[in-house]
Amino acid sequence: MKEHKPKIICFLCKWCTSAGADLAGTSRLRYPPAILPIRVMCSSRIDPAFIIKAFLNGADGVFIGGCHPGDCHYQEGNYHTRRRFAILKKVFDALGLESKRLKLSWISASEGVKFARVSNEYTEKIKSFGENPTKSNVFL
Amino acid sequence: MKRIGVFICHCGINIKGTVDVEKITEEIADYPGVAYIENYIFMCSEPGQKLIRDVIIEHKLDGVVVAACSPTLHETTFQDALEEMNINRHQLEVANIREQCSWVHTDIEESTRKANLIIKTAIEKLKLNESLTPIFAPLTKRTLVIGGGIAGIQAALDIADGGYEVLLVERNPSIGGHMIQLSETFPTLDCSQCIMTPKMVAINKHKNIKLYANSEIESIEGFFGNFKVRIKRKPLYVDPDKCTLCDDCTAVCPVVVPSEYDEGLTWRKAIYIPFPQSIPATFTIDTENCLGFNPIACTKCQDACEPDAINYDMKPETFEEEIGAVIVATGFDLNPVENMAEYGYGKYPDVLNGLQFERILSATGPTGGEMFRPSDGKVPKEVVFIQCSGSRDPERHLPYCSRICCMYTLKHAKLYKHKVHDGQPYIFYIDIRSGGKRYEEFVQQAVSEDGIVYIRGKVSRVYREGEKMIVHGMDTLTGKKIEIEADMVVLAMGIIPSADTDKLVNILRLNTDENGFLVEAHPKLRPVESIQSGFYLAGTAQGPKDIPDAVSQASGAAAKVLALMSNDEISHSPIVAIVNEDLCSGCGICVDTCPYGARELDIIEKIATVNDVLCEGCGACISVCPASAAQQKNLTDEQIFNMIRIYTNA
Chain E
1 MKEHKPKIIC FLCKWCTSAG ADLAGTSRLR YPPAILPIRV MCSSRIDPAF IIKAFLNGAD
61 GVFIGGCHPG DCHYQEGNYH TRRRFAILKK VFDALGLESK RLKLSWISAS EGVKFARVSN
121 EYTEKIKSFG ENPTKSNVFL
Chain A
1 MKRIGVFICH CGINIKGTVD VEKITEEIAD YPGVAYIENY IFMCSEPGQK LIRDVIIEHK
61 LDGVVVAACS PTLHETTFQD ALEEMNINRH QLEVANIREQ CSWVHTDIEE STRKANLIIK
121 TAIEKLKLNE SLTPIFAPLT KRTLVIGGGI AGIQAALDIA DGGYEVLLVE RNPSIGGHMI
181 QLSETFPTLD CSQCIMTPKM VAINKHKNIK LYANSEIESI EGFFGNFKVR IKRKPLYVDP
241 DKCTLCDDCT AVCPVVVPSE YDEGLTWRKA IYIPFPQSIP ATFTIDTENC LGFNPIACTK
301 CQDACEPDAI NYDMKPETFE EEIGAVIVAT GFDLNPVENM AEYGYGKYPD VLNGLQFERI
361 LSATGPTGGE MFRPSDGKVP KEVVFIQCSG SRDPERHLPY CSRICCMYTL KHAKLYKHKV
421 HDGQPYIFYI DIRSGGKRYE EFVQQAVSED GIVYIRGKVS RVYREGEKMI VHGMDTLTGK
481 KIEIEADMVV LAMGIIPSAD TDKLVNILRL NTDENGFLVE AHPKLRPVES IQSGFYLAGT
541 AQGPKDIPDA VSQASGAAAK VLALMSNDEI SHSPIVAIVN EDLCSGCGIC VDTCPYGARE
601 LDIIEKIATV NDVLCEGCGA CISVCPASAA QQKNLTDEQI FNMIRIYTNA
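Those sequence lines, one after another, are chains E and A.
For the first sequence, our numbering assigns the number 1 to the initial residue and increments by one for each residue that follows.
For the second sequence, our numbering assigns the number 1 to the initial residue and increments by one for each residue that follows.
No lab work stands behind these hints: they were computed from the structure.
A couple of the hints might just be wrong.
[To be verified] Examples of chain A residues lying across from chain E (beta carbon under 8 Å, computed):
no., residue
1, 100
2, 105
3, 110
4, 111
5, 114
6, 121
7, 629
8, 632
9, 633
10, 641
11, 643
12, 644
For every residue, glycine included, the Cβ atom is placed at its ideal position computed from N, Cα and C.
Modelling step: build the complete structure from the supplied sequences, incorporating the hints.
Here you go:
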């Protein structure tokens, strides 16, 4: 069987996690090419609709990276994200989508190592779940 | 449709090594909207930029995607190139195919495929980018400097000399910081007070400097260029204008407490002047210890004060000031003593920390500069100095090097030897770090001329036996155990961010590293700025450093502020929120979400509005809008959906 190559859409906040991803690159750390970045100004910009859309389009996982609680460049954006993420997981479960494929992580600009580690672990986890089943039975 | 040019950078082999740029060039050439595509060895070079400029004319481009390194590095370079050709800088997108692709992947096929997708997301985003102009806002040409140690003083003087107003806020009753406590400074051995006090006086006299001593920052609001800060000034309980510094009050005050200035080696009264050269020069009452407060049990100082300068009823005052920029220079504290129990600090009076030894060496100190030990006033004949007391010990203490201890310990040993000619200083060390200018020469001279014995190794225990302090250690060069019967032990304690730095950082919304020091915007190229616009860093608040480095950083931060203040306006990113009035129902959720007060409800029209100047462009209000009436300029929902589509359809 052909190996499943997952697609993971990653929403990275400009100030912390995207800068952390840049540092992972500068430090020449390794993680799988399944990680597909979209840079936003703040994790609070991420509309749940983006995540649902990504899933319905067949993304195997969605990753959200923001500044650590208390360190948000925009004061409190990541708190909005945290609350929204908790609700979104429930909505996912209610709709029959797999909430285990969602990930939220706080990664600062100095945590290149953490970005690479989370990327590696998360990709492995998504691989173990196999292909996103939602894509084949779109119902919305 | 826009005519988009795509330029793929090889970055030498940094990108080309793992991304097949030729293949991508072929693949994307026919992508809708792409009018021109090229790859080149270094897009950021002048020939690379010229290529962009030439192609813009030749192929009548109105948008450019550069696939290269992270946008944090060269986005402005390429935006400037577009602007030179009269194309709006927001018609540029950078596809980050180096840091987030070629450098982290090894499989050429896979990384080429990913780079292809990243470039396409950039193209899709660019297709819907609007041309925007910066938003200009007025600039308040006043600077707040927090911390009145040498770094804060230097920064304040540099900015004030440049002709701009400075507010200097110091938490303690006097400015001066730790430097004013020092005896002589390495490696030149010039008297610390002699070089410090003229600067302190200059602060007091400067027409452009307003000093808030005994004051703290309560809150800060606003945005880069236009902050409103609330400063709380604690009462001195002595009117500085009336106080004649006659000292009659201290003579009658019945309360004695350890002196902060002398690091607890002497006593002061509850009414006191921190030190003779204090700026502002006035007495103050320490309400924690004074008996004149709640309930009033004593009014001796008030009775003795002829000019009637003492007033127990003074209240804290809060001042609201407008400022444009902030320099944080909050300094350091020594690692708390209770963290070094194994060396007997706090238990034995003859185990001192570095600052206490500075006070003993100082002509203004408790012994008038004579070398006596605290317990019995005898002249110590053998003194053990322990470097890295609590530093470079990731398991139990501070993981980092405090940078100044090697040099100050050596200076201590040298000055001790100058005072006690027949005395013997020993220094336990891990390494001798003498990287500053003339530092190594200072070390060599001290070792050859002053007979200082260096023992490589750590001390395991210090305890008292009779009149002697027994120091147990290991000489790791010979592998032998060492026991020294010393008269005095001096610990080179590591340094940590000053007390309550964490609270201030929360008020200012700045970032700290894992050790609590403030984080600079870039460790090499932007070492005096915070990533938060309008905030600059100086001195040991940013990390351990010696006086020359603290002063250099302070002047660097001041230069950054002066460059800012030379503008009449500040420009503000136009990537802000916008409201589609036809869709807005005026529910007001966005108003509650905005942390900057940039969203308001127009009550008459029943729609939400955006104050462009206050909007910082986070986008929090966009994603909460139930009607999708709010959008972020150049990062609209549609743009993000299109980017998602590129990745998922591949």
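**Message:** Does residue 644 of chain A hold up as a contact with chain E if the rule is Cβ-Cβ below 8 Å?
**Reply:** 5 Å, holds
**Asked** Any CB of chain E closer than 8 Å to the CB of residue 121 of chain A?
**Response** Check passed: Cβ of residue 121 of chain A comes within 7 Å of chain E, closer than 8 Å.
**Prompt:** Taking 8 Å as the limit, does the beta-carbon of residue 632 of chain A come near enough to a beta-carbon in chain E?
**Reply:** Because about 7 Å separates residue 632 of chain A from the closest Cβ in chain E, which is inside the 8 Å limit, the hint holds.
**Status of the residue 110 of chain A interface restraint (C-beta, 8 Å, chain E)** = OK, holds: residue 110 of chain A within 8 Å of chain E, min 4 Å.
**Prompt:** Would the hint on residue 100 of chain A stand, with a C-beta cut-off of 8 Å toward chain E?
**Reply:** 5 Å, holds
**Asked** Regarding the hint that residue 105 of chain A lies at the interface with chain E, is the smallest CB-CB distance below 8 Å?
**Response** 5 Å, holds
**Minimum beta-carbon distance criterion (8 Å), residue 633 of chain A to chain E** = 11 Å, violated
**Asked** Against chain E, is residue 111 of chain A within 8 Å by beta-carbon distance?
**Response** 6 Å, holds
**Message:** So, as I understand it, the hint says residue 114 of chain A touches chain E; can you test that by seeing if any CB pair is closer than 8 Å?
**Reply:** 4 Å, holds
**Prompt:** Is the interface hint for residue 641 of chain A satisfied, with its Cβ closer than 8 Å to some Cβ of chain E?
**Reply:** 6 Å, holds
**Message:** Please check whether residue 629 of chain A passes as an interface residue: C-beta within 8 Å of a C-beta belonging to chain E.
**Reply:** For residue 629 of chain A, the interface hint is violated, since the closest Cβ of chain E sits about 13 Å away, which is over 8 Å.
**Request:** Verify the interface restraint on residue 643 of chain A: the C-beta must sit less than 8 Å from at least one C-beta of chain E.
**Result:** Where the cut-off is 8 Å and the nearest Cβ of chain E is about 5 Å from residue 643 of chain A, the hint holds.
When held up to the earlier numbered hints, the structure conflicts with 7 and 9 and fits the remainder.
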